[in-house]
Each structure stands twice: as structure tokens, then as C-alpha cells.
Amino acid sequence: MARAIASDSNTRQTPAPKGRGSVAYWLVQRAMQQRELTVVLVTLFVIIYFSIANSAFYTTANIITVAQYIASIAVIGFGEVLILVLGEIDLSAGAVYLSSPWFMYFFWTSGMPIGWAIVAAVACCAGIGMVNGLITVWLNVSSLIVTLAVNYALFGIVLIKSNDIQVDMPGQTGHFSIIFGIGAWSTILWAAAMMLAIWALLKRTRFGLHITATGGNLLAAAESGIRVRRVKVWCFIIISSASGLIGILDAIRIGSINPGSSGLDTVLPGIVAAVLGGTALAGGRGTIFGAALGAIFLGVLEDGFNLIGVNANWFYLAEGVMILVAMVANTQLGIVARRFRR
Amino acid sequence: MTEAESPLVEASPTRDATLAASDVVLETVGVTKSYGAVVVLRGIDMQLRRGEVLGLVGDNGAGKSTLVKILCGFQPPDTGKIYVEGKEVSFRSVADARRFGIETVYQDLALVPQLTVAQNLFLNRELTLFGGVGWLSAGKMRQLAKNYLEDIKVEIPDIDAEAESLSGGQRQAIAVARATRQNAKILLLDEPLAAMGARESALIVDLVKDLSRNLGVSMIVIDHNYTHLFELCDRLNVIQQGRIAFDQQVQDTSVEELTKFMVSQYRRELAAGQKLLEQ
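The listed protein sequences derive, respectively, from chains A and B. The opening residue of the first sequence carries number 1 in the working numbering; numbering runs sequentially from there. The opening residue of the second sequence carries number 1001 in the working numbering; numbering runs sequentially from there.
Listed below are the simulated EDC-like cross-link pairs for lysine to aspartate or glutamate, each with C-alpha atoms no more than 20 Å apart in a straight line:
#1 A:LYS203 x B:GLU1164
#2 A:LYS203 x B:GLU1126
#3 B:LYS1153 x B:ASP1206
Derived list of chain B stretches under chain A, where covered just means 3 residues or more per stretch with a C-beta under 8 Å from a C-beta of chain A:
#4 1114-1121
#5 1132-1139
These are calculated hints, taken from the structure and not from any lab test. Note that the coordinates shown come from a computational prediction; the quantities given were computed from them, not determined experimentally. For each residue, glycine too, the CB sits at the ideal point set by N, CA and C.
Work out the full structure, taking the sequences as your base and the hints as a guide.
This is the structure we're talking about:
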């Protein structure tokens, strides 16, 4: 005798009966259940809009430009998904992205082979992530402040060590360079690989489940014996390492590194990509593919505005308004979608 | 008086044998606890039998939650002994108590709202493939979760539903199911029927009775609501001034008798307080 624990607020949708109308309904229902729905729609919208508005949009050269532009936003976004799911935030990822090629450069100038210099630089980035995480969990300082402080500190270290002078990146020749940044599709392929790896980590492994549990209900996670602090520290290490690696690849692609920019302009698009994609700022929920779509949205937007020649003075206003529109659409559609999800 | 003292003296050497015979799974002897100058527990002697549901009653500050915190390993007693299945134990942590099969179930704290029923049931006990990598064996966990819920007759419409979308009763049932699936033999339930409609609470009552009778799970229930306690429990203990002041099988007592007992005790305390003030 089965005991039904039913509740009035939780009546499940019965499978739709056969028929054209209900198939459409089923499709709508399935679509609504996808957390990434809004970002898919707004991204499709901007792609269609710009491809109609400017014929240069669909050229290979332009697609490569966009792909190269979004790789770093996407990778930082993937890392931020993990951090946001935990209910934390990492504002230092941009500074890590900018300073890791400098670490590599310093290791290389001190005589290390280039491959090892990359490994050592990424290890430094992992160390920075560990510091972020340890201060956050052991000294109970908000990760927003910790990582903001680390962001400025890294900027300072780079300025001091470089004497504020731009340098050329090593590793510009041979197969090595093609794999590590120079190849037209190199950075976006690395980003895609990291997307799959981080997605699998979050959705298919025990560790990923513990990330969700830690962010969703810290007390319950800790009660069940999950080492919530360790989980958090590891996520800070992952985002820093990933941001550092993509930073090196981008620097090799560009060919030179400039000490003069702060990391916030780099990290914030990553956070926007994650949140646009459907990751909750409050923790507990996150989607890696959503962050990838969010990065594509931001990249297409930036590129499209350039192509149609939006006046530079209007550029940021237009970008700001578009992000706001996308986010409002996200929230409103989310309210509708929740009804379908129940 | 030698007659009064003798049972106490004789009790300790024969304790193990007596306990095994009477099927007591959890016993406390003379458990005390003070916080600074405030004495909360003055000597709790309590027994819980296999498959028994024991209700703990007491005013706020009487020491119910202190006792539960001691039993679940959250804090140690100052003095006194705790026996699990006749063996003396001392818990250093909640995890320690859990190893002895004692687990607290909280209605709202237990589940992760964003995880599915199956994921919640296996929280931190996940099954994995290829060992060290930690790749989840999702299908197997799903199937086992389904089977287990069927075994204990809890029907959840969708095993893949997120806990957030479940009702309070369903969440409570999942929390209880997780504890028993992980071999908890003694459950501590804190207001298990709080904020539940009549129909939902009836289902939890059924689950509690089912687990205690058919699986031999013992439970200690804390609740302020006498009606709930009489529905759920086999026996009631009242804690007053840090001691067990009332111990009755539910069929031998009634809500009226319990209320009368609590009120008379309250009057006595009030009179004592007034006397103190007058002095």
C-alpha cells in the first residue's frame, strides 16, 4: 500500500496527449523548463539583428574576432558560476587574468623554459585563488571584499614589478604558439574544453554536487559531513587557475602585455555572462552553458555595435541598456518559467 | 537507608545483562549539564526502547533541547553516562553520535532545496564510478532512492523533483528517509509536524509508526503540541527542573492529565517564587 504524500501546490503536469496543439504546448513547456532560455532568446535576437544590420557580421574574419573576444569572458564566467553557486563572488579573476602573463614572463626571463613558465604561472594563480578562499572561509571576511583587495594588490604588484613598461610576450613561434593562443581558434577551443571540464565537474561529479549543496544550504551540507570550507577554497583555486591560463593564452595571441589596466573591467563581463546565463547571485543554482551563451551575447553585442558603427560616446550607454533589458527579460521570463517547472 | 541505596549499588555490575534483555537502545543515567551558574539538567535518567517513539515535553528552558544536543553529540554532558545498546559511549561530535546510529532530523535544515530527491537522499554518501574521480553514478542512486522510498512506503510523485518544489510533509519524509537509509537507529525529531496541514501530518504520523514498528527505529520527539505528541508517541516524558518528572505510556494517560500535571507544577513553581520574593 503506497502512501501518497501529495500537496495541493505541487500538482505535476501530466504528459500532454497526442495532437498538434499539445505537441506545441509540450515544446513550450520543455523550453520553459530550461534555465538558459532567456539568454538563448536574447543572444539569437542580437545575432539575427546584427546579421541583418551589417553584412560583415557573417564573415569568417568577424566570427574569429568575436570568438577571440569572448574566450576570456566565457572562461571567467565559468569560474564565476562555481563561485556564485557557492553564494560567493570573485572580483579578482580579472586581475589574475591580467597578471598571470606577467608571472609567466618573469619566470621566462629568469631562465625557465616557456612550457614550465606557463605551468609555474598557473600554479601562482592557483595560489592566489587559495589565498582568496582561505581568507574568506577561515577569517570570515566577505569574498567580495577579499577578492576586491586582491584585485588591487595584484594590479599593484604588476605595476611595481614591470615598472609600468609594456613588454613583448615570449612564445610567438612554432606549433607551440599555435596551440597556446596564436592559432585563430586556439583560445575559443581552450575555452570550450574548459567549459566541458567545468560543466562535468559541476553536474556530474560528487564535488560538483557538494558545491551546489554548500551554496544551496550551507548548514545541511555541513551537517551531512561535507567539508564546506574545503569545497569553497577549491572553487577559488579553480577560477583563478582557469582565468590565469586563459590570460596567458590571450597575451600570447596579442603578443605583448601592458601593465596599465585594472582587472575589474575584465572580471565584470564574466560575472554578467554568468548571471545572464541563469546563475543565481544568491547561490545554489548555476549553469555553465548559460554562462557560455551570456559570453556570446556580450561578445556579439560589442562586435555588432562596432560593425554598425555606433558612436563611441554612445557605445557604453547602448551596452548598459542592452544588458539591463536582457536581465529584466531574464527575471520576468523566470517567473513564467517557474510555473512550468513545477 | 540501606534498602534505598542497595538497588543503586547493585545496578552497575548487572547493567549490561539487564539492558540486553529489556531491549533498551538508548539510556542516560544521571546526565547533568550547567551553563556557567545555570544548572539546566540535574540528573536525567531516561530509557528508550527499540522501536519506541518517546515524546519529550517541557516548558521553554526545562532542558529538552539541551538533552537533545547531548544525545546527538553536539555537546558533552558535565556528568552522567550514556549507553547505546548497553554499551557506554561518549560522543565527541555529531558525526560520532551518527556512527552509533543516532541522528537528528530537522525539517527545514535537512535538505538542499536545489538538489533532487535522490541527490538529497544520498547527500555526502553519493555512489561514484571509477573510484577517485568522483564521477556520480546518477542512475544507480536514482534507482536505489526510488526503491528505498517504496520500501518505507513514501510516495514522492517525482524522484527528480527538486526538494524546493516539495511540500513540508514530503521534505520531512525525505529527511527521515535519509536518516534511516543511512542506518540511523535512533532518530531525534524536532517538531516533526510543525507547519503541516492535517492530511500531511497524518502521513508523517503513519511514516513514524511504520518505521518504528516494522523497522525497529526508535525515536525521540520534541513537540509543544500535546495533540501531536499523543498521535506520534508510545510514551511521554516530562522534563521539569532538569529531571524527568513524568513518565507514562500514552494509553495510560491523556492530554487532560498531562495538562493538569504541567499546570500544577507551574503553580508550585509560582508559589515557590512568590515565597522567595516575600522573604
